[in-house]
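Engineer: Sequence:
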Amino acid sequence: MTSQILAERYEVHRQLGKQTGRQTLLARDLQTQELVVIKQLFLGRDFEWQDLKLFEREAETLKALDHPAIPRYLDYLEIDEPDSKGFALVQTYVEGKTLEEHLHSGRTFSESEVQELTKFLLEILIYLHEQNPSVIHRDIKPSNILLHSRSAHSVGQVYLVDFGSVQNQAAKFGGTITVVGTYGYMAPEQFGGRSVPASDLYGLGATLIYLVTGLHPTELSQQDLKIQFADRVTQLNPNLIDWLEWMTEPSLEKRLSSAGEAWNSLANPREIPKSIMPVQPRGSDIKLTKNSELIEIVIPPHGFAFDLVSILSGAVPASMVLWINYYDIPINPLVLRMISGSFLVAAGVISIFALFRELHLVIDRQQISYSSHLLGLRWNHFQPDPRLHIRQLEIEKIGDNVSEVIIQADKKYRLGVKQGLSESEIKWLASELSQWLGLKITITQTESKWLASELSQ
Numbered sequence: 001m002t003s004q005i006l007a008e009r010y011e012v013h014r015q016l017g018k019q020t021g022r023q024t025l026l027a028r029d030l031q032t033q034e035l036v037v038i039k040q041l042f043l044g045r046d047f048e049w050q051d052l053k054l055f056e057r058e059a060e061t062l063k064a065l066d067h068p069a070i071p072r073y074l075d076y077l078e079i080d081e082p083d084s085k086g087f088a089l090v091q092t093y094v095e096g097k098t099l100e101e102h103l104h105s106g107r108t109f110s111e112s113e114v115q116e117l118t119k120f121l122l123e124i125l126i127y128l129h130e131q132n133p134s135v136i137h138r139d140i141k142p143s144n145i146l147l148h149s150r151s152a153h154s155v156g157q158v159y160l161v162d163f164g165s166v167q168n169q170a171a172k173f174g175g176t177i178t179v180v181g182t183y184g185y186m187a188p189e190q191f192g193g194r195s196v197p198a199s200d201l202y203g204l205g206a207t208l209i210y211l212v213t214g215l216h217p218t219e220l221s222q223q224d225l226k227i228q229f230a231d232r233v234t235q236l237n238p239n240l241i242d243w244l245e246w247m248t249e250p251s252l253e254k255r256l257s258s259a260g261e262a263w264n265s266l267a268n269p270r271e272i273p274k275s276i277m278p279v280q281p282r283g284s285d286i287k288l289t290k291n292s293e294l295i296e297i298v299i300p301p302h303g304f305a306f307d308l309v310s311i312l313s314g315a316v317p318a319s320m321v322l323w324i325n326y327y328d329i330p331i332n333p334l335v336l337r338m339i340s341g342s343f344l345v346a347a348g349v350i351s352i353f354a355l356f357r358e359l360h361l362v363i364d365r366q367q368i369s370y371s372s373h374l375l376g377l378r379w380n381h382f383q384p385d386p387r388l389h390i391r392q393l394e395i396e397k398i399g400d401n402v403s404e405v406i407i408q409a410d411k412k413y414r415l416g417v418k419q420g421l422s423e424s425e426i427k428w429l430a431s432e433l434s435q436w437l438g439l440k441i442t443i444t445q446t447e448s449k450w451l452a453s454e455l456s457q
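Every letter in the sequence shown is one number past the one before it in the numbering used here, and letter 226, counting from 1, is 226.
In short, the hints are calculated from the structure, not lab data.
Computed from a predicted structure; not experimentally measured.
Do not rely on the hints blindly, as some may be mistaken.
[To be verified] No more than 27 Å apart at the CA atoms, straight line, and that leaves these computed lysine-lysine pairs for DSS-like:
hint, residue 1, residue 2
1, 119, 287
2, 287, 85
3, 254, 226
4, 226, 290
5, 427, 226
6, 412, 287
7, 440, 418
8, 63, 119
9, 254, 440
10, 287, 63
11, 397, 411
12, 411, 290
13, 97, 85
14, 63, 97
15, 254, 287
16, 119, 85
17, 18, 85
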């Protein structure tokens, strides 16, 4: 089979990718014997002039750039063949696999590798954004980042490729809105056709979130357009989690504004708000388990509360008096003994519950359940609800005292004073649940504004 030769110079080896009206080829330059990448745009039924503008802009941008981690411009061709007409951009070939391919093959990245990769990519963005005018990539995602020559001590050489969506801040499209990028990695302002250097930071942050969670950003829940991922990476340094949240702020005003600022803030983390790191109250015996798969709250036996002690201190002596002095009371002795015996049994059962029963609230990826555990026995208080049915997290207050935390699903799941929790424990558990569920805390009474400001973010 005869190899295809383009422009009497480039010998095509194989196809690397194909989209409607486009294809990418691996070829050999017969003059230099070097491998090259050829991107082709065809003039067919699906051709739009906007595509040609972006294609020409990619060529002009690459021609002006000179960075070892960016493919180098080599040639620009017009294709005029009987069966195809269009244009071709020739650039240097970068050997390696994309981040997407690495993740699909099962590769994982340690925190130190993520930090190293982040710094390489920020260096590239600093170079691009410091051009005059600034060059904005607009499509940073795992499939546009290549890694090559990984070693035991290095993440490898890092390359940023595919400048097909590139824009400089001086470029305008005559009043039209141009939306380019990839859903999940596009900053919210890009949906309105606006791109600034901070838009690339959002794409980088979303890419790194994919790297540390193994999930595409669209597979993660959102709250007010913010990607909720912290519950899946509890092993990461809180400063890195906070930095990634900062990089992916939906609001431009709240997001890091430049690659240089992002670099400095990575090296010198900001003070993390207390709401990000809820602390268990001193002396609390509650057991909290939280990871990417579940959150489990185990409330230990709360012992004899004052009201229970008051009841038992009256009921037990009365039962003993009835049991011992039944002959002095003008009622059938058998009935009296049955009544007093019932009081003693009830007091015993209540005591066992108070001293040995644990309450378990468990929320995993499938459901929420609430159960009691007593001396090796377990029973649910009611049928578990699907996890997806959880729609609200609230703190219900009575006067100035916190009553309980309520998780609203098909039913209400309550944790509060009745379970022996203190006010500080309720606030702490509400913060933990809010962070894991990605739900804001709703305060049910207006006089609780002080608590709302402390817990709701």
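Engineer: Each hint should be assessed against the structure and marked as holding or not.
Structural biologist: Status of each hint after checking the structure:
no. : hint        : result
1   : 119 <-> 287 : violated (38 Å)
2   : 287 <-> 85  : violated (68 Å)
3   : 254 <-> 226 : holds (12 Å)
4   : 226 <-> 290 : holds (21 Å)
5   : 427 <-> 226 : holds (23 Å)
6   : 412 <-> 287 : holds (21 Å)
7   : 440 <-> 418 : holds (24 Å)
8   : 63 <-> 119  : holds (25 Å)
9   : 254 <-> 440 : holds (19 Å)
10  : 287 <-> 63  : violated (60 Å)
11  : 397 <-> 411 : holds (19 Å)
12  : 411 <-> 290 : holds (23 Å)
13  : 97 <-> 85   : violated (31 Å)
14  : 63 <-> 97   : holds (24 Å)
15  : 254 <-> 287 : violated (35 Å)
16  : 119 <-> 85  : violated (42 Å)
17  : 18 <-> 85   : holds (16 Å)
Violated hints, in rising order: 1, 2, 10, 13, 15, 16; the structure is consistent with all others.
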